[in-house]
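Residues per chain, in single letters:
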Amino acid sequence: MTESYVIIGDGIAGSSAAETLREEAPDADITVITDEGEALYNRILIKEFAKGKMPEAPISIHDGSWYEERDIELELNTHVTTIDVDGHEIETHSGDVIEYDKLLVATGGTPTQLPVDNSDAEGVHHFWTFQDARGIEEHASEADTGLVVGAGLLGIDLAAICGAQDVDAKYLMRGDCWWRYALSEEGAEIIHDGLREKGVEPVFQSGVDHFTVDDDGAVTGAVDPNGVEYDGDFVGVAIGLNFNTEFLRGTGIELDDGIVVDEYMQTNVEDVYAAGDLTQFHDVLLGEQAQNGSWGSAKEQGQIAAKNMVADAEEAVFEWVSSYSITHFDFPFLSFGHPTLGDDYVEKKYSDTEWRRVVFKDGKVIGGVLIGDLAPQTKLKKLAREQRDLTGQKEVLLDEELDLDRLEAPEAEQ
Amino acid sequence: MAVSDTKSGALRLRRTESVPADATVKHVDQLRDQTYRQIARTTDGSVVELDAASTQLSAGDVVVFTDYLRVERA
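Residue numbers (the working numbering), protein chains in the order written: chain A, 67 to 480; chain B, 957 to 1030.
Worth flagging that the hints you see were computed from the coordinates, not collected in a lab.
Note that CB positions come from ideal geometry on N, CA and C, so glycine has one too.
Incorrect hints may appear among the rest.
Unchecked claim - Taking beta-carbon pairs under 10 Å as the criterion, some of the chain A residues facing chain B (in silico):
| # | residue |
| --- | --- |
| 1 | Lys-119 |
| 2 | Ser-389 |
| 3 | Asp-439 |
| 4 | Thr-444 |
| 5 | Lys-460 |
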């Protein structure tokens, strides 16, 4: 029977795995290793701290006593340098060797740096950890002008932080709208108006050619590809994540912009599992490999991985329709499933602050975006889970009051 | 996590500007769909029938939505 479990990463995926492992295996040795200097915190809420609106304490989820009470060994400030998958050992930067029967990799990602001059200048911030949030809060609270780069779900947090901290900011986007892979210009305009109300001006067909710095090496602004200069003593960059898999090279674990796992969170190497943002998992609803960076998805993946690790079998399946909400504005925003994938969509604008897109693959709902009116979310997620073929009926999903009884009953299964 | 009050009963969500350091704070994405849906329909001060145990919310908690919402006993 498996007796020792090692988890690399103490984010919500690793932590929920640890909790589940302890519940399922009361006598096992469980070790959690993290390169951060603090235990699990709420990554969704660190943006609220960076806005200057929330104290630090509520952001922390676990303290040392949580691990002690569960007899879980927590190793902070520890990097895993190598894994011997045949010998079932991991080695840390300090030379410690830890054996495992089952290993879970939940190391998440690190923000991608812009490949332009001076992208590492003082005052250029990336945003992923609580420590990043502390630095951002301190700087943004003193800054006069700001620039934000990265027209997606992470960049908008930096824009909102500028707004909340009264930084006069420009949001430089390469395309014609925010999150152009999921929204039309009509839908994105609601977001643009929301940003403007907060003192953040979207700039389209822009971006960064290089950053400018002063004699001390601190950022002073940027020049965009059109040659336009912008002031910015605070800069936030959010153009994506590089998944933390360097230490897995040479192990034979299959990597493809993340760690490839099946629906049981198993990698191709026996006794090695992965969970969280960095997985390329087999999405049983989509029918293909997918990735997801939401809190709920990561938490569920951690739990699924743990159950299968303890069972040493393919017992629990990861089947999940994710949600990601933006709460920066007066209107709500929710993205569910995979709104940037698929082969078809329907969309409609209902008012100046309400818009909806539902995305399909082979006639089935795989995701969508709701702005302003979130009432349809439960029904749309239900359709996604049921994988109902809605070919010929997609427009019904744009009814303001969504009524699933208007859909033809699904065909009885053979 | 704070121990939820297991008595069922109405909870009220009220807008708040400040978050006490000792509050349990949750983002709507951490809540169950049903609770999220009810919160999305809630206006300031209105009473929504939420069972504390099923929502895993307790009086004194703060929910982050388009506003910060403090959970109170109705």
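These are the hints, each one checked on the structure:
Hint status for Lys-119(A) relative to chain B: holds, with the closest Cβ pair at about 7 Å, below 10 Å. Below 10 Å, beta-carbon pairs count as interface contacts, and Ser-389(A) has one with chain B at about 6 Å; its hint therefore holds. Because the smallest distance between the Cβ of Asp-439(A) and any Cβ of chain B comes to about 8 Å, under 10 Å, the interface hint for this residue holds. Below 10 Å, beta-carbon pairs count as interface contacts, and Thr-444(A) has one with chain B at about 5 Å; its hint therefore holds.
Interface restraint check: Lys-460(A) against chain B, minimum CB-CB distance 22 Å, threshold 10 Å, status violated.
In summary, the structure is inconsistent with hint 5 from the numbered list given earlier, while agreeing with all the others.
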